[in-house]
Amino acid sequence: MSSSPALPLPAETRWSRLSNFWADFRQSPVAVAALVVVAVVVLMAVFAPFVAPQDPYNQEALDLFDARLEPGEVGSGGYVHWLGTDAAGRDIFSAILYGLRTSLIVGVMAGSLALVLGTTVGLIAAYYGGRVEALIMRIIDLQLSLPAILLALVLVAMLGQGLMQLVAALVAAQYAYFARTTHGAASAERRKDYIEAALSTPLPARHVLFRHLLPNALPPLIVVATVQVANSIALEATLSFLGLGLPITQPSLGSLISNGFQFLLSGRYWISIYPGIALMLTVVAINLVGDQVRNVLNPRRSR
2 MSSSPALPLP AETRWSRLSN FWADFRQSPV AVAALVVVAV VVLMAVFAPF
52 VAPQDPYNQE ALDLFDARLE PGEVGSGGYV HWLGTDAAGR DIFSAILYGL
102 RTSLIVGVMA GSLALVLGTT VGLIAAYYGG RVEALIMRII DLQLSLPAIL
152 LALVLVAMLG QGLMQLVAAL VAAQYAYFAR TTHGAASAER RKDYIEAALS
202 TPLPARHVLF RHLLPNALPP LIVVATVQVA NSIALEATLS FLGLGLPITQ
252 PSLGSLISNG FQFLLSGRYW ISIYPGIALM LTVVAINLVG DQVRNVLNPR
302 RSR
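So in the working numbering, the last one in the sequence shown is 304, and the numbering has no gaps at all.
Calculated from the structure, these hints are not laboratory results. Ideal Cβ positions, reconstructed from N, Cα and C, are used throughout, including at glycine. Treat the hints loosely; a few may be bogus.
[To be verified] Distance ranges between label pairs, derived from CB positions:
#, residue 1, residue 2, range
1, 31, 166, 34 to 44 Å
2, 64, 274, 19 to 29 Å
3, 270, 130, 49 to 59 Å
Use the sequences and the hints to build the structure in full.
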């Protein structure tokens, strides 16, 4: 039996679907805990200026006498540095919160733009087929055969440092995952009767692409988008650690880890370890949420 085209759903139906989705999602306590971690991380990053005891990148507020204080020590500002300070006297907890803001902005921007670009490319390949499909998908296959970190390294080296340059490099390195997923889902829908019926009418191509094919290809795209946001954060941290990411005036978790790496063998572990733990928790939590979303949206799972 062929599928019917996606139509606007009544509010009650949309609410029912959301309720069913949440009922299935919360079957995994680990995923629910991961979702709570993601929510806490996002809230703390958004409200970092109100939560952090210090603006770690206001040079006038820093005191070199507070450099490399151990966790729990009181600095010249009169408050406790629960996670210690780094070589510039910055409070590590405050630096992590501000670094999370930058990492999340880069991850969400890169993931969203890669989703839009990759989805458009995949839909075009599935819709037109033939030589257009073959050419586009061979390019996608070639890109997927190369590690994303290698492509990102080359592109960042070519474009230079900066937020938009880094986002552009991450988008170019990751859009192929969305294109491949969209192409697979849209190709299956392309052969169904309701698409053939839509094509037999004088509807513009964009109408068939975005009103018929796209809504039925969304479930796997949601899963890929969740995972790719986490991958974007990890890639950005890797590039910043290598000194090819954001400039020093736009610190992220990767640059914080890099700044403390030289002090690991001197016993001042907290400068690098705590930002690393924050990065690990964020990426793992997002991946756990994405895994559960995939399980819930999987049409083959047992009911």
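Status of each hint after checking the structure:
About 37 Å separates the C-beta atoms of residue 31 and residue 166, a value consistent with the hinted range of 34 to 44 Å. A beta carbon spacing of about 23 Å between residue 64 and residue 274 agrees with the range 19 to 29 Å that was offered as a hint. A hinted range of 49 to 59 Å for the beta carbons of residue 270 and residue 130 is consistent with their spacing of about 57 Å.
The structure meets every hint from the earlier list without exception.
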